[in-house]
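Let the hints inform the model, and build the full structure from the sequences given.
Quick note: the sequence shown uses numbering that gives the first Met the number 0, first residue 0, plus one each step.
Certain hints may be false.
Derived BS3-like pairs (lysine-lysine); straight-line CA-CA distance at most 27 Å [claimed, not checked]:
#1 Lys-143 - Lys-112
#2 Lys-253 - Lys-277
#3 Lys-433 - Lys-418
#4 Lys-253 - Lys-280
#5 Lys-433 - Lys-143
#6 Lys-418 - Lys-195
With beta-carbon atoms standing in for the labels, derived distance ranges [what the hints assert, rightly or not]:
#7 Pro-171 - Phe-213: 26 to 34 Å
#8 Phe-434 - Ala-278: 42 to 50 Å
#9 Asp-328 - Asp-80: 49 to 57 Å
#10 Phe-223 - Gln-89: 47 to 55 Å
#11 Cys-414 - Arg-358: 36 to 44 Å
These are calculated hints, taken from the structure and not from any lab test.
Here the structure is a predicted model, which is why all the values come from computation and not from measurement.
Using N, Cα and C, we set each Cβ at its ideal position, and we do this for glycine too.
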Amino acid sequence: MTGRSLVAGKPGPRISAITVTPIAVVDPPLLNAAGLHAPYALRTIVELVTDDGISGISEIPGNRDIDQALEASRELLIGRDVFQLSEIRQVLVAHFGTDTAAQRGEAPWDQRKMVHIFSAIEVACLDIIGKVVGRPVVDLLGGKMRDRVPFSAYLFYKYEGAGGQLSFGTDPNATGWAAARQASALNPAEIVAQAKAMCAEFGFQSIKLKGGVFEPRQEVDAMFALHQEFGPEVPLRIDPNALWTVETAIQYGKEMEPILEYLEDPTRGQEGMAKVRKAVKTPLATNMCTTSFEDIPNSIALGSEDIILSDHHFWGGLRSSMTLSGICDTFGRGLSMHSNSHLGISLAAMVHLGAALPRVPYALDTHYPWQSDEVIVGGRFLFEEGSVAVPQAPGLGVELDRTALAALHQNYLACGLTKRDDETEMQKVQPGWKFQSVRW
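Following this line, the structure appears as structure tokens:
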């Protein structure tokens with residue numbers, strides 16, 4: 000919904016209502032270093048409405064504690080001018096405090112609170128601001144550098160199963176990628192089959208494998224199988240989620256030098272990454288050892304990575320992500336984008352950010368092919384040759400499908416999940432399984 004235009008000297012629209020809606024979306028049984036995805040992935044949809052009826056929306060990873068904090072932020076933000084984002088951030092920090100790097104946790108996903116809260120509020124405010132001034136969010140971030148944003152195929156080892164109510168069961172009527180998404184992928188041949196199906200459906204021009212699931216030899220063999228199938232013209236990356244020792248990372252990193260575009264988080268911590276980086280020619284990427292601005296000085300001093308994988312949900316919003324881009328340029332870091340299970344509101348924000356970045360040397364990550372639900376009007380985004388066109392309408396360029404939102408909220412209420420817990424899900428399949436921060 001669009002509203003008034005700004006008059007010189009007149010304050011912007013003020014927040015009059017905040018709605019926080021937790022949802023659960025169908026997620027297949029994907030494997031990763033921390034265990035197994037639950038049958039549903041949790042997301043939270045935030046909607047701000049201004050005093051003149053303009054709506055702005057955002058989406059973040061779902062977690063009951065963060066949802067409760069967003070609810071608590073309501074009394075802090077009602078009446079605030081949506082244009083005054085620095086003031087809004089200051090108010091939130093004064094109440095909730097700042098996050099520390101240690102609060103991120105050792106799991107593959109970020110567990111900090113404040114960055115999630117502010118990114119949710121900021122994106123919704125930018126959606127409103129764009130509607131007020133009649134410009135897409137990309138123009139609020141400095142302008143559009145490209146019309147389409149490239150993404151990479153994101154492969155997972157997985158058990159057979161469709162997720163959701165089917166859990167480990169499958170829909171026998173599914174075809175194409177919908178059928179392939181249900182199939183098991185537990186060895187190199189099945190990973191190649193998954194990659195072929197995903198690339199056929201979405202046109203991806205580069206491929207990433209989420210590793211840290213099986214012993215390194217099998218995962219490295221899968222990368223060579225992908226290289227053999229797709230050829231040298233398709234860039235490849237693998238992410239062991241920091242489960243390898245420095246020695247293991249060097250051994251297999253050297254072996255994969257001829258075939259990798261980059262190697263993501265092969266080992267844990269900036270010191271370990273720096274040791275691997277000195278020994279291996281392949282660029283190292285991270286979304287685990289350098290995940291906040293306070294991490295950057297030590298990263299530069301040690302030389303812990305070549306590429307930082309940003310994520311506006313975890314770096315404090317879209318504007319902070321543009322600040323990160325400038326820092327990366329200053330210190331010779333590449334910049335790309337991390338992903339988590341998400342729907343179209345997050346994807347829209349990622350596309351606007353990807354379009355505004357001065358350079359996009361690497362295709363961005365996205366989990367979007369793994370999700371079948373959607374919460375935006377008009378259904379799911381279209382990928383062409385692995386890229387998504389930048390929305391042209393004011394704001395994010397997407398609107399809430401309120402019927403879908405209500406149905407997905409009912410999923411949340413019915414599934415009983417309140418936070419992501421891949422270890423517990425894995426124990427349902429392998430009793431006694433425990434997450435280890437370093438495994439091989």
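Results of checking the hints against the structure:
The suggested pairing of Lys-143 with Lys-112 is violated, with an alpha-carbon distance near 30 Å, which exceeds 27 Å. For the proposed pair Lys-253 and Lys-277, the alpha carbon gap of about 11 Å is at most 27 Å, so the pair holds. About 18 Å separates the Cα atoms of Lys-433 and Lys-418, which keeps this hinted pair within 27 Å; it holds. Restraint check for Lys-253 and Lys-280: satisfied, since their Cα atoms lie roughly 7 Å apart, inside the 27 Å limit.
Only pairs whose Cα atoms come within 27 Å are accepted, and Lys-433 paired with Lys-143 is rejected, the gap being roughly 45 Å. For the hint pairing Lys-418 with Lys-195, the CA-to-CA distance comes to about 32 Å; that exceeds 27 Å, so the pair is violated. One distance hint, 26 to 34 Å for the beta-carbon pair Pro-171 and Phe-213, holds here, with the actual separation near 28 Å. At roughly 27 Å, the beta carbons of Phe-434 and Ala-278 sit outside the given window of 42 to 50 Å.
Asp-328 and Asp-80 have their C-beta atoms about 31 Å apart, which leaves the hinted 49 to 57 Å range violated. Take Phe-223 and Gln-89: their Cβ atoms lie about 51 Å apart, and the range 47 to 55 Å holds. Hint check: Cys-414 to Arg-358, Cβ distance near 41 Å, so the stated range 36 to 44 Å holds.
Checked against the numbered hints given earlier, the structure breaks hints 1, 5, 6, 8, 9 and satisfies all the rest.
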